[in-house]
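Visitor: Sequence:
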Amino acid sequence: MAVCARLCGVGPARGCRRRGAAREQRRGGGADSEPDTDTDPEETGGGGGASVEDDELTERIECAGPAPHPAEVGPNGRAPLSILELPPELLVQIFGSLPGTDLPSLARVCTTFRRILRTDTIWRRRCREEYGVCENLRKLEITGVSCRDVYAKLLHRYRHILGLWQPDIGPYGGLLNVVVDGLFIIGWMYLPPHDPHVDDPMRFKPLFRIHLMERKSATVECMYGHKGPHNGHIQIVKKDEFSTKCNQTDHHRMSGGRQEEFRTWLREEWGRTLEDIFHEHMQELILMKFIYTSQYDNCLTYRRIYLPPSSPDDLIKPGLFKGTYGSHGLEIVMLSFHGRKAKGTKITGDPNIPAGQQTVEIDLAHPLQLPDIENLRDFSELSRIVLEVQEQVRREEQEEQQRGEDEDRSQQAASSPAAQPQGGEGAEGEETAAGAERAAQDKAPASQPFVLPMGVISRNEDYPRTCRICFYGTGLIAGHGFTSPERTPGVFVLFDDDRFGFIWLELKSFSLYSRIKVSFQNAEAPSREAFDEMLKNIQSLAT
111 MAVCARLCGV GPARGCRRRG AAREQRRGGG ADSEPDTDTD PEETGGGGGA SVEDDELTER
171 IECAGPAPHP AEVGPNGRAP LSILELPPEL LVQIFGSLPG TDLPSLARVC TTFRRILRTD
231 TIWRRRCREE YGVCENLRKL EITGVSCRDV YAKLLHRYRH ILGLWQPDIG PYGGLLNVVV
291 DGLFIIGWMY LPPHDPHVDD PMRFKPLFRI HLMERKSATV ECMYGHKGPH NGHIQIVKKD
351 EFSTKCNQTD HHRMSGGRQE EFRTWLREEW GRTLEDIFHE HMQELILMKF IYTSQYDNCL
411 TYRRIYLPPS SPDDLIKPGL FKGTYGSHGL EIVMLSFHGR KAKGTKITGD PNIPAGQQTV
471 EIDLAHPLQL PDIENLRDFS ELSRIVLEVQ EQVRREEQEE QQRGEDEDRS QQAASSPAAQ
531 PQGGEGAEGE ETAAGAERAA QDKAPASQPF VLPMGVISRN EDYPRTCRIC FYGTGLIAGH
591 GFTSPERTPG VFVLFDDDRF GFIWLELKSF SLYSRIKVSF QNAEAPSREA FDEMLKNIQS
651 LAT
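Position one of the sequence shown corresponds to residue 111 (the numbering used here), numbered consecutively onward.
For the record, the hints were derived by calculation from the structure and aren't laboratory data.
Hints are not guaranteed to be accurate.
Claimed, not checked - Simulated pairs of lysine-lysine, BS3-like, Cα-Cα distance not exceeding 27 Å:
#1 Lys326 - Lys355
#2 Lys337 - Lys453
#3 Lys355 - Lys337
#4 Lys326 - Lys348
#5 Lys453 - Lys627
#6 Lys451 - Lys618
#7 Lys349 - Lys337
Unchecked claim - Beta-carbon label-pair distances, calculated as ranges:
#8 Asp608 - Gly254: 29 to 37 Å
#9 Gly254 - Glu643: 41 to 49 Å
#10 Asp309 - Pro481: 23 to 31 Å
#11 Ser404 - Pro481: 34 to 42 Å
#12 Gln631 - Asp310: 18 to 26 Å
Glycine included, every Cβ here is placed at the ideal spot set by N, Cα and C.
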């Protein structure tokens, strides 16, 4: 009723002119404006999916008749009173400006609207504005596929899998971006550059694609392996989760057997041969990853992830970074800000610290003043500074815990509202932390010399020799299989807007991180709460 009322230009109190006209036509035997009940976007074009070409738009719709233009005055000296009196060209423009998900409801109003919605111009506009399809969709006419087919059977049907996803590959994880690419929907797996070139661009390869081969339904193809596209399947398991399955895994196999597959994988994953890797432990880790990930070449489950929301108070822009992790190679880490803390969460992982775990945490309320460049070379001097801050943080946490317990006791003992403690201390604490961070940045020079202390190992010796500011932080370390995990003290080093580092004191190791400069589509979190819930979910799954 509401839709019909809007279209007819009347409110509920005056009755619906459109439905009144429909009743009059039914009494008179007319059927051109009878209500329709189909609701699926695939059905809005009518029987057989036939479309009205642009050169046919000048024809009048049967039930509307030769209606005058709104700007014209008819023989009776009046402007059109019903939307049905508008020219079809104008109705196409109006309907084309509506969201595609609203058009099925519009098609139910009457056969006239249903006929108008067969016009491919409407669906071409919806494909372009909602999904960014910029290709010349007129070429589809050759294959007999209409723009309505593309919208309803491809774009609309698979809209829920667009965005960023993390595959469930045990501790290794991954980063998948599903996008509309021309007249295809393609799942691109993003891979870090070859170790240790952290500043190189990301690599990517297609895992699957979806497209319309014919008008019946979309075709899903697996792109894994080296024999070209082959039959696959996609199932949307539940909200923010879907799975893929390959129906022809023989396309993944090579004639040379597993040895050839391993050599090919090693060149793609590491950019080298096994003979080039002299470290025995690193060889074991590489072989273990190949064996483990090969088990998932026929079926994978993906869970949605979001890019972190940003705030003007953030130290730098949050986002995704490539980081060095010793023998494990380069891994993908998500940097996000949470008040007085910054967190680095693994999107890809390893058998020690799996994907989904929080690899580093930065205490933005405790900046570090590094010694001069000569003393900085002395690891014991840096260790002394960090351990002093660690002890300070421990005391502050104990005092805060004690204050919380005292407040709880006071609230329990209070006999009246007037005796209860006043709020606001938590907010003051956050403001104090933010103030401390700003003060530290104001006091610190625009840049200061930086060098790694003697004895600290770095996979990439080409790290920046100047930094902006340093903070106390903790890093997560564990044994193989994520055994005995613990947080150990370290130093967060901010080099510039796109690079930072972390010194792991206990490991005497340095990780360098560089921003991933890719514009991922459909990856923004709907809210801060949704992002926090996503972080919690992927960490619980990793645990």
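Visitor: Give a verdict on every hint.
Guide: Each hint tested on the structure:
1. Lys326 - Lys355: Distance ~21 Å between lysine 326 and lysine 355 Cα, so the pair holds.
2. Lys337 - Lys453: At roughly 41 Å apart (the allowed maximum being 27 Å), lysine 453 and lysine 337 break the hint.
3. Lys355 - Lys337: Distance ~17 Å between lysine 355 and lysine 337 Cα, so the pair holds.
4. Lys326 - Lys348: holds, 25 Å
5. Lys453 - Lys627: holds, 19 Å
6. Lys451 - Lys618: holds, 23 Å
7. Lys349 - Lys337: Between lysine 349 and lysine 337 the Cα gap is close to 33 Å, so the pair fails against 27 Å, i.e. violated.
8. Asp608 - Gly254: 29 to 37 Å: violated, 48 Å
9. Gly254 - Glu643: 41 to 49 Å: holds, 44 Å
10. Asp309 - Pro481: 23 to 31 Å: holds, 28 Å
11. Ser404 - Pro481: 34 to 42 Å: Cβ of serine 404 to Cβ of proline 481: about 49 Å, so the range 34 to 42 Å is violated.
12. Gln631 - Asp310: 18 to 26 Å: holds, 22 Å
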